[in-house]
Amino acid sequence: MSYQTLLDAVIKGDIKTAKEETLKAVDASQNAQDILDQGLIEAMNVVGDNFSKGAIFVPQMLRSAKTMQECVEVLKPHFQENAMTTKGNIVLGTVKGDLHDIGKNLVGMMLEGAGFNIIDLGVDVAPEVFVDKIKEANADVLGMSALLSTTMPSMSLTIKALADLGLRDTVKVIIGGAPVTRKYAEDIGADSYASDAGAAVHETKKLLNIT
Amino acid sequence: MKNLVRMKILIVDDDPGIQKLIKNMLAKDGYKNIQIAGSGEEALEMMKKTPPDLVVLDIQLPGMKGYEVSQKMRANKSTAHIPILMMTGGNIDKDKALEKSFRAGVTDFITKPIKKVEFTARVKAALTIKKNYNLMQKEPNKRKLSKKVTKKKVWLNILPDDMWIKVQRGMTVWNALQNTEIELEGDCGGLGKCGKCKIRVITPLGKPSKETLELIDSDELEQGVRLACRTKIFKNLAIYTEELNGETEFFQILKHGHMPPVELAPLIERRLVTIPPPSIENSLSDVHRIREVLSPEFHDLKTTYRCLSSLYKNLRTTNFDGAAIIHNNCLLEWQSRDNIGGVFGLIFDLGTSTLVGKLVNLIEGQEVAVISRFNSQRKYGADVISRIQYIKGSPKRLVHLQKLLVKDLNLITKRLLESFRLKLKDILVAVAAGNTTMQHFMLSLDPSGIAEAPFTPLITEGMTFMARDVGLRLHPDAMLYVMPAKSGYIGGDLIGFILSSGAAEQDDKLVLGMDLGTNSEIFLGNKNRMLTCSAAAGPALEGARISHGMIAKAGAIESFRFEENDLFYNVIGNIKPKGLCGSGLVDIAALLLHHGIVNPEGLIYPPDQHKKRNSMTARVIQTQENEIHDFLLASPRDSLDGKPIVLTQKDIRELQLAKAAIASGIKILLKTMGAGIEDIDDIYLAGALGNYVHPFSAMRIGLLPKVNPAKIISLGNAASTGANMILLSKRYWERSAEIATDLEHLELSGHADFFDSFIEEMNFPTENLW
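These protein sequence lines are chains A and B, in that order.
Under the working numbering, the first sequence has 143 at position 141, and the numbering climbs by one with no breaks.
Under the working numbering, the second sequence has 11 at position 7, and the numbering climbs by one with no breaks.
Calculated directly from the structure, the hints in this document are not laboratory data.
Where a beta carbon is used, it is the ideal one built from N, C-alpha and C, also for glycine.
If a hint is listed, it holds; no wrong ones were tucked in.
Pairwise CB distance ranges, derived in the manner of DEER restraints:
no., chain 1, residue 1, chain 2, residue 2, range
1, B, Leu-449, A, Ala-85, 55 to 63 Å
2, A, Asp-51, B, Pro-769, 21 to 29 Å
3, B, Lys-396, A, Glu-22, 55 to 63 Å
4, A, Glu-22, B, Glu-682, 35 to 43 Å
5, A, Asp-189, B, Asn-630, 29 to 37 Å
6, B, Asp-570, A, Asp-189, 47 to 55 Å
7, A, Lys-208, B, Leu-449, 41 to 49 Å
8, A, Leu-169, B, Thr-468, 48 to 56 Å
9, B, Ser-390, A, Leu-169, 30 to 38 Å
Next up, chain B with everything else stripped away, as it sits in the complex (with noise of 0.2 Å):
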């Protein structure tokens, strides 16, 4: 009902007594968008303008008769679908008058002197199926996703819980929380008068609110505490939720991507159906009637045992009027049209650390919800390799880790599932993508080959399962999509990332694709040829082997820059800085290379060997008695817990291989396809650090090719928008399989060229960028 009253109802009457009449009917009833028409040329001219959600419209007008107006609203496509709730006098043949309204294509009927129960009733009925019209269009496949719609929405997360909302831009923090689980203290029911509703804002933000100013400590305000209840949402804004102490901690995990236009025609379709009841003329089986009337578009409609079992009770209560859930040419589920059951679904981006869930609305095609979790399974290994030693020759184990990952899934899908009030039964198609061996443990599979040479997976071919035979808790009826993979280590977040890029759709343009990170994914090609490899860049990108490295969280330096003679950086969190994450080494790396403070060998000069001397030089320093100098990024002093922050000259070896391995990949690849960097035409990244990675610095360094900045895009969680894509669109499924055969995979390890170019690749570029 709360929704209903904000829908823009017409009134087309020339009496002004009964707009007046019908008007304060309305109002009393709550609604508050009302406008009056007095003829039916002003209606139709005003319709024109704003389209209504209801037109309740007298039958007798001066000129234009309601029974025209109906029918040029229904023959206009922007008014065809705007339910008419005709209102006729009592001095005319019902009978008639009733049937040349609904020829006219009105919704429904009342006569006058009308009841204001009926009115009520009826008016509610209107607006419900226009809502529902809204929630689900007939043909959504023809529809493209609106760019508008996705614009005036951002995205608030909430920490720690790490929930993610799509909220209405200008929204306030407090309001936006009321439709979730979370709860903020407050007395004053969000208007800026307790003080209570303390938040952390994470995101960098803006001034605070006066109110804020006089509720809230400086101390707490330099912190980033606000008020929720005067924290406006504008951007995509991060906050922290719980008290705050020194252990609090948020992560940086990329969970959206850039999406690109997907005509909608989602994996399970609900279909707004009308079947004729059972009668003499036609005593056809319930099946059969269904089955009549969708065969233009389902031939030959199967369905499951379960969906019988409830179908006779089913199509009774709703009057044989309501919603067919369709998979794959078989009927799932009759229900009421009202009912939510197969509006959303589900995917699951499998990360060997980290696990994100994502509620996608079918039928708008949007992502509506966010979650991640750290995958449970990081006890047994931090990478796939010890996770399958520790699995090796043991059933009992594979089957335990099976059982981990299915629980984190299920956790995370009750938390997406509570933020909008849905039940597991209301989802009824979920789309898995991870790398090929999280895929392996997903199914129960044994992917022990993946962990040597010749390293051979049991299946790369993309699989269809009922969710609950992996344990899965959804529909009982749901369906499981599992992406397909190319090889051990090309894996289904791979064929995503292809995929949501559209390299493989190109003509003739050249595209090279990266998902950096420990295992580095790279592709390059177009439609014609794709060719793609996996260079073992080791930990250092993600912080590991690094003195002071650090994964991307709270705490860590994720940019640098030098202005005013002086070096900054940002830190995740607005905190002090606990040490370094992959951006921030590519970074301070670039920068150490721009001012000639390294040389391209990757040697820390010492200080008396600088050629320009600024507030770097200082920075070097010697922290062992062999010559070796080390570059301070932060002094005791202004780190958080009082110990220096220092890059060494090993840092800056282990960057070298890490950016070697990678640049002798894309090296092969372009050779293998007979171009060179000059002939790529986009470069696109995926993944944390592809998201968060400057450019410039990137290439300074040497770890992307030296190209016009503009060609290189960031497609952030890439795997997961291909899954999304899937989900959305059934021929992306078929699509995604055909990427995954049409893939060339090179196996560097063991390739002629990759010793000679790994090595030569291990010094960075001479040349200044900027």
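Excised from the complex, chain A in its bound form (with noise of 0.2 Å):
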């Protein structure tokens, strides 16, 4: 079955349509994952592309963000045992010091929206605050943003806390927010840089052999 209807209602934000052609895959017995992956997923990458030119802004990535939401909603009760797979868990924060969390918020939707699992730990997290968290939830990704350069350390005393209980190699390590480079994240070994939340994107499957 083709999805390209429902790709262009994700890709376009319009929530009545994509959702009415998720119920419509579903009445004709297509596969709940499928119609995760091969549509709804599928319509995101194409919405994170279009974001990474320019030839769409925040608010059209967040309207198709949602229309994304809306239709899971809609197959939740159609996978097997409830048993939706994702493509990992991501632990995301804004670091200790910093209180600006749009970036970060953007990122996690993106990263939702490709099929990950976020645990949103919101601003001002401290580094145990971050490890702890990473040990509990068995995180394969650690998102970490900063806005001022004067909180940007408190990614690299994270990334030494990780390294300090042995955690290091167990998870990967990705920054991002306004005054982070891909310098610095080299200098800091953190696996990867972002520049926007399309971009979070494509480097989190990167770092996970996601293709």
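Starting from the two chains in their separate frames, assemble the complex, guided by the hints.
Printed below as a string of structure tokens:
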């Protein structure tokens, strides 16, 4: 079955059509996981790319993400034993001393749209809080954000705290935020850097070898 | 002396012989402005029309006597202060005449036959008194700023020194520069013959004079080269005085502000005082006698050690008749009346990138010179956060940054004083305003708390220090006032802005104020409630993170307009463009929205999707192979470096972020206030961008709420205006502290409504405004 109408509706952020299309697909006895992967997640891939190149902007991206969430709600009861597979667990947060969360929130939504499970710790998150959550959730990826150059060092401290507990190899670390650069990511031993929410999805998939 | 000869002298005598004699003596001394009256009645009538600076009055007149003329003059407010030199005949009782004359209020006294030497000296003394009176009136605090005086003067900005001087309208550049340290070449003394006093005029100007056309070749003329001696200054003018080359750059930094009327009561008061010399009857100490004379106004006057140590000598060299310089009920100095000490004060605007210093005449209540320079701290970070990171944990580095700043301020001071031939010791007061971090740096206080949540500064109260404690080289007892702040990101500069806007004095008007920049401070309210927030707009409005963005300096496109099917722009410095600055960015975005080339979501449409097709369509270009389009602002042929100047899709996105941050800040303030856009009565803009941005464009892109444009008023460099108001009227010092205390500060990051509102405001408005 072709999901083109569903894809277009999610890309456009047309919640009504997208939900209808999702139901249609379910009624046509399509596998829920297929609808999710080939319909919704695929659409969000396009949305992420469009965002990265500038063809759409934040409000449009959010609209698509919201559309996808609504469709996922429609799909949920149709997963066998409710076992929606996740592409990975991601712990996300804005570092200690920093209260800026808009960019981090966008990253969270896009990653969710790409099929990841997001554990968002919010803002002003201390290294030990990150570490505890990573252990608890058995996270695959840690995403950290900072908007102030003065709070950036906290990223490095978190990575150090992970290493001290021997957890550094269990989790991939990706960082971002206005003053953060790829060079800085390399300097502090992070695994990757993302310049925007679209890139964050792209880089995360690369880190986890997801195509 | 130069100033005295232009002063008006009225001779009152019925004897034509005496009239002629006096007139000749005055003319010989160079006086140019002499009038004659034959009787006291005529003299009083003439004074009504044009009050003279000195009346030379005969004691024995037909009709109204000299005494009566004097009494009448003293009784009339407009003539009460005019010095009177009374002439008496030799045949009357001298002592009696003397007593009678002084009782009638005459200033000085000369006996006929008049000796030339004596006459010259007495006229000069009397005129000096009047000149000093003009300079400093006895009760200046009762006087409001005269609008007329301000109108007749205009600013001349001399680059690359970036000196600003106030000059009489109509004066030539050559003459204006005679009073400065700046020397132009020239053999003919300003006659328009040698053609050597070349300057480059930056401000748009009119047709060159005949001499200029003859002496300057057409290439140079086109570049704005003119002769200083033939260029009259009719409006604010910027000129460049050095040899021109490709590297010539100047920056559009805003230094002037809109000053509301202020009742003069400067922080430093200069009172002309006569105290009784010590005598058997009054043998109280010198300080006691000063205190006695000043007691109605200054209760229990204090003094400083430094003042006391020179007081004995100073009182006696001035014959107990001098000027008392008083700060906050404390006598700082006693000096001679014609000394200039305490007449001027300083203002420092501590910008993160630019420092501005102003010299203010405290008696006349006017800014007389302005100088700016780049903040030397810039090499340790463009923004305050990077500088805080630099000093973090290193007291030595903090001291280093403080020293750099004070060194800059001392250099600014030196140059400001030079242009008026003042000495450091003549300045007894300075007021500094800046963002909270810069104010911390100035005082060597650690601002590290500001750089991390919860963004806590060390101190927010306004402070008064000895200027020397901070390292400012002024009078040894000079005072430094540092403005009160509200929080880590709401600094003394915003308090100065609120002060100068008068918003906190409004009873029922709702005032919105914005200082647009990387951190845009916004306030909303009036006397009853005042809210403020700081919106992290990012550097797009200052030209950073924009492909061809630049700060507002020579070569930056500062505005666009679309006329007769063509796009036009203005470039700072009258040269070919290198890029665009914040005001240009806002302008072009508004035009693109207006013409439907950019949609409200911020997408640049490809040419085939344009609804209207005009010359703008052809400028939409595809530079990458990904369906994304950019907009060509200037072709390689039209640009300075032969490379195209382009506004990219990404640039529009950056602008959307900046705009959204500011617009959502406004929205949250309005919501908290329980008001809507329609309730806003006035919008005040501060800072350079606020001054140059086109209100219609700003409204079209949603940077400003859509209101009647008449409500939008640019206040210019409002921070320094606020500091100036404090300098000129001490009640504003207390007022600024009250404003800071009463302000309610909203922290946007983490505010419940901020995320939704920010996202919502990223789209541009859909409606066209013109």
